[in-house]
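Number of protein chains: 2
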Amino acid sequence: MTQLLKAKEGVITREMEIVAREEGKSPEEIRQKVALGEVVIPANVNHQNLQPKGIGAGLKVKVNANLGTSENRCFYEDELKKLKVAIKAGADAVMDLSTGGNLDEIRRAIIKESSVPVGTVPLYQAAAETLNKYGDISRLDPELLFDVIERQAVDGVDFMTVHVGVTREILKVLDRFPRVTEVVSRGGSLTIAWMEKNGRENPLYEQFDRLLAICRKYDVTISLGDGLRPGSIADATDQLQIMELMKLGELVKYAQNQGVQVMVEGPGHVPINQIEMNVKLMKRLCANAPFYVLGPLVTDIAPGYDHITAAIGGAWAAYFGADFLCCVTPAEHLGLPTVEDVEEGVIALKIAAHAADLARGNREAWNWDYDMSVARKELNWERQFELAINPERARKMRIERGSQDIKSCSMCGELCAMKIMNERGGKNA
Amino acid sequence: MTQLLKAKEGVITREMEIVAREEGKSPEEIRQKVALGEVVIPANVNHQNLQPKGIGAGLKVKVNANLGTSENRCFYEDELKKLKVAIKAGADAVMDLSTGGNLDEIRRAIIKESSVPVGTVPLYQAAAETLNKYGDISRLDPELLFDVIERQAVDGVDFMTVHVGVTREILKVLDRFPRVTEVVSRGGSLTIAWMEKNGRENPLYEQFDRLLAICRKYDVTISLGDGLRPGSIADATDQLQIMELMKLGELVKYAQNQGVQVMVEGPGHVPINQIEMNVKLMKRLCANAPFYVLGPLVTDIAPGYDHITAAIGGAWAAYFGADFLCCVTPAEHLGLPTVEDVEEGVIALKIAAHAADLARGNREAWNWDYDMSVARKELNWERQFELAINPERARKMRIERGSQDIKSCSMCGELCAMKIMNERGGKNA
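For the record, the sequence lines run as chains X and U.
Just so you know, our numbering puts 121 at position 121 of the first sequence, and the rest follows in order with no gaps.
Just so you know, our numbering puts 253 at position 253 of the second sequence, and the rest follows in order with no gaps.
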């Protein structure tokens with residue numbers, strides 16, 4: 001029984017209660033939103049030690065961190081360090097996107113250590129295993145894919161990205177809409193290459209019921225991947241993206257009717273002026289399902305700084321209604337992120353999520369900023385560190401910039417506005 | 001003769017021609033905008049080697065970097081290094097905010113080395129010199145302040161922040177509107193403390209004509225400082241801010257009528273949902289004068305990461321019409337920035353400015369992203385580095401993440417979507 005099925009039956013689960021407490025809402029309100037499909041609680045029945053999180057309309061904006069080895073960089077311990085650092089930095093979920101090494105082993109270790117929901121893209125594992133065996137991705141056997149999905153579900157994976165919307169219908173029109181970066185989704189490109197070489201339909205689409213049956217059994221939330229998301233500003237919000245989005249909207253309803261929790265993934269690379277439209281169109285076409293965005297990056301020209309381009313886009317996407325932001329690290333477009341990259345990415349996107357929570361009127365978010373500003377006014381540095389999004393970083397920077405022995409800081413010294421106003425002793429001091 | 005006076009007389013100056021070329025506009029269009037006061041070209045007649053820049057409506061968004069010593073950290077060479085790094089990273093202007101050491105000497109060195117417009121806050125120098133002499137800021141002599149202004153104008157300062165809007169009228173109401181962080185502007189707090197202790201009016205307001213006469217003589221652009229800008233999310237867009245803004249609007253018209261170029265400074269700390277309103281209200285109340293914003297920071301809780309909170313706010317402020325973004329470095333709220341901090345701050349805000357240019361439909365900005373995405377699709381790494389906002393950083397990160405010997409990168413390896421699609425050889429490949 002999934003959270004969705006229970007919610008529809010009027011049952012308030014332990015997970016709904018935890019989410020309600022964390023969000024400052026009533027359990028009944030959470031149940032209603034889960035029943036409507038506007039909120040998901042990714043919580044595989046086999047994921048021990050999970051602290052469930054709610055994702056969706058009206059809740060705090062959540063942040064996901066991507067982990068995982070690759071064929072070229074495969075250090076298990078690093079991935080577990082990334083997990084630890086991500087959770088410490090405030091990640092609300094992680095995805096294990098490993099494609100190098102013993103994938104079952106890595107995934108099990110991550111799930112075992114993770115208190116937050118764990119997601120995967122099963123197609124990556126199926127493709128990596130096929131590549132290892134045959135050196136040719138097009139030899140991927142749909143039975144292997146479903147076997148991987150089942151294996152991962154049994155292990156306790158809480159949500160899975162599945163590129164179900166990349167179908168032969170899309171193949172037919174793909175070359176009719178020229179793009180600068182064509183297809184940039186790994187899952188999307190793999191599916192396209194496979195369909196073309198084998199002359200067959202996307203197995204996840206063809207056997208969608210089989211996928212849903214597995215997800216229903218373990219309560220795996222499906223995240224409908226956007227295999228045709230734009231990978232450049234020039235391609236943003238084009239016909240292919242919207243065509244796939246409309247298909248995903250159909251699939252949302254279908255999956256929910258089968259009792260499976262669903263969220264939908266979105267772009268990608270989007271210029272600032274198209275973000276509001278993207279979020280609102282998605283929410284409209286997908287029955288207000290939770291929206292999971294990758295950034296979006298607001299420009300293509302900043303490799304090395306894509307945590308910043310993603311924070312700019314993510315903050316505003318969330319303000320306009322996106323629910324779940326996928327971290328982008330400074331290493332995006334350049335290589336597999338290091339532990340430090342993951343930390344930078346999570347913090348940048350947590351800032352974005354928090355800025356959106358503030359703008360959406362979340363009381364808890366307001367109180368956090370209020371407390372920080374009171375501490376700032378009082379020049380109470382210990383309290384400022386305590387409230388900082390990264391206390392260690394704030395403390396270290398203050399010391400390194402030579403402020404540790406100064407009542408104010410090394411920027412203004414005696415000319416500190418706080419100090420001057422506090423000495424004046426007005427009503428606000 | 002200032003650029004404004006010449007523009008009003010129908011004269012197209014060398015500076016207007018340079019700006020026109022840089023912006024891809026006709027010189028006549030630039031002249032018209034300067035004449036209307038919607039664009040300023042800060043270009044002191046005594047600033048040798050200046051590459052003039054236009055700031056204002058319809059032009060590319062510009063970025064300023066703050067430099068300058070403090071009493072606690074005073075290393076001249078560092079400030080010159082910051083200047084170099086800032087210009088290399090793309091800063092369109094710098095401000096010398098020095099308050100420690102020999103201020104005339106530092107300023108002259110910076111102006112001599114700077115190809116971009118240099119701004120100052122003369123009150124800082126007058127206050128620092130008063131503090132050194134008497135240990136008491138309230139003993140600041142208005143004659144000293146005007147002497148400093150003249151000295152700086154003679155030296156070639158291109159724009160000056162003057163907190164003219166902080167008047168006794170404001171003093172009367174200050175304590176009627178409680179704030180969390182009261183006054184966070186150094187210039188604002190100094191002016192308030194001085195007015196109260198001396199029982200006198202703000203000399204810059206009282207003798208505004210004298211200030212304007214100096215500015216007119218050397219063509220110093222005045223930047224009307226927002227001494228009452230909110231310093232916390234809780235204080236954003238409150239009565240005191242708007243009261244001062246209305247006064248600044250009056251002063252804009254007055255200064256322009258005296259032939260002096262004017263821009264107006266804005267917040268500060270602003271939640272995402274108040275940014276559009278802030279920009280539009282400012283533009284309306286200030287006759288569409290160029291708007292120079294500090295960030296704005298979209299949350300208070302991220303010391304150590306305020307280049308990111310500023311990039312989020314700055315990108316959107318610029319999208320809604322702000323013209324000039326002041327960099328905020330990671331050291332903001334913690335201490336005087338290092339050379340590295342300045343570089344990080346400039347790049348973060350350049351990303352924000354560029355993202356806004358893209359969203360505002362700037363053709364040159366679009367071409368940059370387009371070229372980058374073409375290079376990405378081709379897996380042409382040298383070309384990607386060349387086009388990256390920081391080529392050295394991008395190249396270094398790719399090497400350090402172990403991608404240098406791989407055709408794609410160490411994140412996806414053989415599962416690279418670009419590679420898979422290029423091998424497929426569709427029409428878009």
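Just to be clear, a hint being listed does not mean it is correct.
Said to hold, decoys possible - EDC-like, lysine to aspartate or glutamate: derived pairs with alpha carbons at most 20 angstroms apart:
hint, chain 1, residue 1, chain 2, residue 2
1, X, Lys419, U, Asp136
2, U, Lys172, X, Glu423
3, X, Lys247, X, Asp209
4, U, Lys81, U, Glu340
5, X, Lys197, U, Glu414
6, X, Lys419, U, Asp175
7, X, Lys280, X, Glu38
8, X, Lys396, U, Glu340
9, X, Lys197, X, Glu129
10, U, Lys396, X, Glu340
Worth flagging that the hints you see were computed from the coordinates, not collected in a lab.
Hints versus structure:
Restraint check: the Cα-Cα separation between lysine 419 (chain X) and aspartate 136 (chain U) comes to about 13 angstroms, which is no more than 20 angstroms; the hinted pair holds. Restraint check for lysine 172 (chain U) and glutamate 423 (chain X): the C-alpha separation of about 18 angstroms stays at or below 20 angstroms, so the hint holds. Note on lysine 247 (chain X) and aspartate 209 (chain X): the hinted pairing holds, with a Cα-Cα distance of about 16 angstroms set against a maximum of 20 angstroms. Only pairs whose Cα atoms come within 20 angstroms are accepted, and lysine 81 (chain U) paired with glutamate 340 (chain U) is accepted, the gap being roughly 10 angstroms.
This hinted pair checks out: lysine 197 (chain X) and glutamate 414 (chain U) have alpha carbons roughly 17 angstroms apart, not beyond 20 angstroms. Distance check on the hinted pair: lysine 419 (chain X) and aspartate 175 (chain U) sit about 17 angstroms apart at the alpha-carbon level, within 20 angstroms; holds. Only pairs whose Cα atoms come within 20 angstroms are accepted, and lysine 280 (chain X) paired with glutamate 38 (chain X) is accepted, the gap being roughly 14 angstroms. Restraint check for lysine 396 (chain X) and glutamate 340 (chain U): satisfied, since their Cα atoms lie roughly 15 angstroms apart, inside the 20 angstroms limit.
Under the criterion of a C-alpha separation no larger than 20 angstroms, the hint pairing lysine 197 (chain X) with glutamate 129 (chain X) is consistent with the structure, at around 18 angstroms. For a cut-off of 20 angstroms, the pair hint linking lysine 396 (chain U) to glutamate 340 (chain X) stands: about 15 angstroms separates their Cα positions.
Checked against the numbered hints given earlier, this structure breaks none of them.
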